[in-house]
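Residue strings, one per chain:
2 protein chains.
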Amino acid sequence: MNASVLVVEDDAALCELLTWNLSAEGYEVRSTGDGEEALLMVREQQPDAIILDWMIEQVPGIEVCRQLRKDKETARIPIVMLTARGEEEDRIRGLKTGADDYVTKPFSPRELMARIEALLRRSQPSLAGETLRIGDLELDPVSHRVRRGEEAIHLGPTEFRLLRYFMERPNRVVSRHQILDGVWDMDTDIDERTVDVHIRRLRKAINSSGEGDPIRTVRGAGYSFEAA
Amino acid sequence: MNASVLVVEDDAALCELLTWNLSAEGYEVRSTGDGEEALLMVREQQPDAIILDWMIEQVPGIEVCRQLRKDKETARIPIVMLTARGEEEDRIRGLKTGADDYVTKPFSPRELMARIEALLRRSQPSLAGETLRIGDLELDPVSHRVRRGEEAIHLGPTEFRLLRYFMERPNRVVSRHQILDGVWDMDTDIDERTVDVHIRRLRKAINSSGEGDPIRTVRGAGYSFEAA
DNA sequence: CCCGATTGTCACAGAAATGTCATTCAACAC
DNA sequence: GTGTTGAATGACATTTCTGTGACAATCGGG
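Quick note, the sequences are listed as chains H and Y, same order.
Counting the first sequence from 1 gives a position; our numbering is that position plus 147.
Counting the second sequence from 1 gives a position; our numbering is that position plus 147.
Treat the hints with caution; some may be incorrect.
[To be verified] When the alpha-carbon atoms are kept at most 27 Å apart in a straight line, the in silico DSSO-like pairs for lysine-lysine are as follows: (1) Y/K217 x Y/K243; (2) Y/K252 x H/K252; (3) Y/K217 x H/K243; (4) H/K252 x Y/K217; (5) Y/K243 x H/K243.
[Unchecked claim] Not close to chain H: a few residues of chain Y, all C-beta gaps over 10 Å, as computed: (6) N168; (7) E172; (8) L186; (9) L242; (10) D248; (11) V321; (12) H324; (13) T335.
[Stated by the list, open to error] The calculated label-pair distances, taken between Cβ atoms and stated as ranges, are: (14) Y/G173 x H/G276: 31 to 37 Å; (15) Y/M202 x H/K243: 46 to 52 Å; (16) H/G276 x Y/R340: 54 to 60 Å; (17) Y/S356 x H/R366: 18 to 24 Å; (18) H/R348 x Y/V344: 36 to 42 Å; (19) Y/P256 x H/P256: 24 to 30 Å; (20) Y/F254 x H/R213: 23 to 29 Å; (21) Y/E358 x H/R366: 23 to 29 Å; (22) H/A159 x Y/Q325: 50 to 56 Å; (23) H/S355 x Y/G173: 42 to 48 Å; (24) Y/R319 x H/N354: 40 to 46 Å; (25) Y/E163 x H/P207: 33 to 39 Å; (26) H/T341 x Y/F254: 48 to 54 Å; (27) Y/T251 x H/D336: 48 to 54 Å.
In short, the hints are calculated from the structure, not lab data.
The C-beta atom is built at its ideal place from N, Cα and C for all residues, glycine as well.
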C-alpha cells in the first residue's frame, strides 16, 4: 500500500510540480488550492501526510494547521508547511502551531521529497518498509511476517492490518470507530462490535504462548497497544 | 520528567550556546564533541533526542547517524543534523540516512528549539506537554492513564472524565450543575446528588495510598480541585 | 467444484460501571 | 447546645459494556 499525500497549494504551477514529483516517488497524491476544501478532504481521505502552503485562499495555512491539530481524527497527520516568507518568526509560529517541518520557497523538490520521506518514516514506519518492534513482538510489513520472541505467528489479513495499526500507535487509546477507519476500507458500514471479535482473534494469536497481553481494553473508549 | 537531549558538537562556543538554550527550555542536556563518545553516550543514556553536527572529530556525523539507526536500541531516537554545508546533496543524504531534520548553520537557536519540540511532540507525546500534571497527579488523555506518584490508578470512564474536568480547571470552584454539563452529556437529567457519589468514588481512587485529598468541598457551592 | 481459511454477525454470560436512596456525619446559624 | 441544611457514605438494583463461542456467508487456491 502506498502512502497518500495531500497537497494544499494555490499556485497551479507549483502544485503540479509537487504532484508530479510525489507521484514519481510512488505516492498517491490529491491536491487542492482552497483551505476550506482542504479541511474537508483531510477528514474524508485521511491522507498520510500533508504539504500545506502558508498563503492560500479562504483560510490561511496556519489556521488550517491549527484546525487539523484540534481534531482528534486528524491531529497526528504529519504536516509540512511551505512558504515564501522566510522570516524566523513565521517559521517558529508554524512549528509551534503543530507543523512538523517548515520549508521555505524556493526549495529543492528533492529535498522536500526527502523531508516527506523522513516524516513518514517516523509517523508510519511500516509504509517505509521498516520492521515494527515493540517488546518481543516483531512485524515485518514487507514479508508480512509476525513473530513473538522466537516463535512465528500466523495471522489472517485483517488481524495483520489490525496489529500493524496498533504497533504504529503504541500507547494510544483508539476507538472502535478509529480502528474501523484505519484497518478496514474507509467508510465501511461494519458493526463496531466486530472489532471486538477481531481483537479477540488477534489476542488469541499473539498470546498463545502464554505471554502477557499487550492489548489493553479501555472501557468506554476503545483499545490500546501497550509498549513495555 | 523532562526530556533529555544529547548535543554532539565540537565547536565549544556553539555547543555551549545550544546547551544553554536547551536548558532554558527545560531539557536535560548532555554534550560531547567526539563521535565515538557520542555513540557510547547514546547507548548508555538513551536520550530522547540528539542534535548532531555533521563535522565532528573521530567519526563523521553521518556515520554516527548510520550507526545509531542500525542498532535496535537507538534506531528510533530523533536526530537533528546540524551543518555548515548548505549543499542540497548533503541535506538529502542526511535525511536519507535517517536524520529527522536537517538545519543549516548559521541557524536561529529559537527555530532549532522549535524543531526539537516538534520532533519530540511526534516521538514522545507524553513528554510534549499533552499530559496534565498537578502536584503528584498525572493524567494522560491519550493513553487514558492516571498515576499518582509512582502508582497507577484505575478509574471508570465517568471518573476519568471527571478528573480531567477538574485538572483542566484547577483552583476553581465549580457547581454540581456545571459538572453535570461538562462531564455528562449536555442536558442530562441526572440528579445533582449523583455528582457527590462520583466525587466520592474519585476521591477513594486517587487517595487510596493515603495522600492528601486534592478535591475541596465548598459547602453550598460545589467542589474545587486544589493545585498544591 | 470442493475445501479450508477468513470474516461478519449474533446471542449470551460475566464483569464493570452507574444512578438512586436511606442513613450517617459535619458545618453553620441562632 | 440545638436544630437545620448540605455533604459523605454504604448498599443495591440496574444498565451498559466487553469477552466468547458458534455459525453462516464469502473468498481463494487447488
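Structure-based check of each hint:
1. A threshold of 27 Å between alpha carbons decides the hint, and for Y/K217 with Y/K243 the separation of about 13 Å falls inside it, so the pair holds.
2. With a C-alpha separation of about 18 Å, the suggested pair Y/K252 and H/K252 falls inside the 27 Å cut-off, and the hint holds.
3. With a C-alpha separation of about 31 Å, the suggested pairing of Y/K217 with H/K243 is violated against the 27 Å cut-off.
4. Taking the CA atoms of H/K252 and Y/K217, the gap is near 34 Å; set against the 27 Å cutoff, the hint is violated.
5. A hinted pair counts as satisfied when its Cα atoms are at most 27 Å apart, and Y/K243 with H/K243 qualifies at roughly 25 Å.
6. Listed as outside the interface, Y/N168 is consistent with that label: its C-beta sits roughly 13 Å from the nearest C-beta of chain H, beyond the 10 Å cut-off.
7. Under the 10 Å C-beta cut-off, the non-interface status given to Y/E172 relative to chain H holds; the minimum distance is some 12 Å.
8. With a closest Cβ-Cβ approach of about 20 Å to chain H, Y/L186 is found to remain outside the 10 Å limit, as its non-interface label requires.
9. Taking the minimum C-beta to C-beta distance to chain H, about 4 Å, the non-interface status of Y/L242 is violated against the 10 Å cut.
10. Against the 10 Å criterion, Y/D248 falls within the reach of chain H, whose nearest CB is about 7 Å from its own CB.
11. Every CB of chain H lies more than 10 Å from the CB of Y/V321, the least distance being 22 Å, so the non-interface label holds.
12. Every CB of chain H lies more than 10 Å from the CB of Y/H324, the least distance being 23 Å, so the non-interface label holds.
13. Distance check on Y/T335: its Cβ is at least 16 Å (rounded) from any Cβ of chain H, clearing the 10 Å threshold; non-interface status holds.
14. Taking 31 to 37 Å as the suggested C-beta distance range, the pair Y/G173 and H/G276 conforms, at roughly 36 Å.
15. For Y/M202 paired with H/K243, a C-beta distance near 30 Å fails the hint of 46 to 52 Å.
16. In this structure the supplied range 54 to 60 Å holds for H/G276 paired with Y/R340, their Cβ-Cβ distance being about 58 Å.
17. Against the hinted window of 18 to 24 Å, the Cβ-Cβ separation of Y/S356 and H/R366 comes to about 23 Å, which satisfies the hint.
18. For H/R348 and Y/V344, the hinted distance range of 36 to 42 Å is satisfied, since their beta carbons lie about 38 Å from each other.
19. Distance hint check: the CB atoms of Y/P256 and H/P256 are about 29 Å apart, consistent with the given range 24 to 30 Å.
20. Hint check: Y/F254 to H/R213, Cβ distance near 25 Å, so the stated range 23 to 29 Å holds.
21. Checked against the given bound of 23 to 29 Å, the beta carbons of Y/E358 and H/R366, roughly 25 Å apart, stay inside it.
22. Hint check: H/A159 to Y/Q325, Cβ distance near 51 Å, so the stated range 50 to 56 Å holds.
23. Restraint check, H/S355 to Y/G173: a C-beta distance of roughly 45 Å satisfies the suggested window 42 to 48 Å.
24. Under the hint 40 to 46 Å, the C-beta atoms of Y/R319 and H/N354, about 45 Å apart, fit the expected range.
25. Restraint check, Y/E163 to H/P207: a C-beta distance of roughly 38 Å satisfies the suggested window 33 to 39 Å.
26. In this structure, H/T341 and Y/F254 meet the distance hint of 48 to 54 Å, their C-beta atoms being roughly 51 Å apart.
27. At about 50 Å, the CB distance of Y/T251 to H/D336 agrees with the hint of 48 to 54 Å.
Hints 3, 4, 9, 10, 15 from the earlier list are contradicted by this structure; the remaining hints agree with it.
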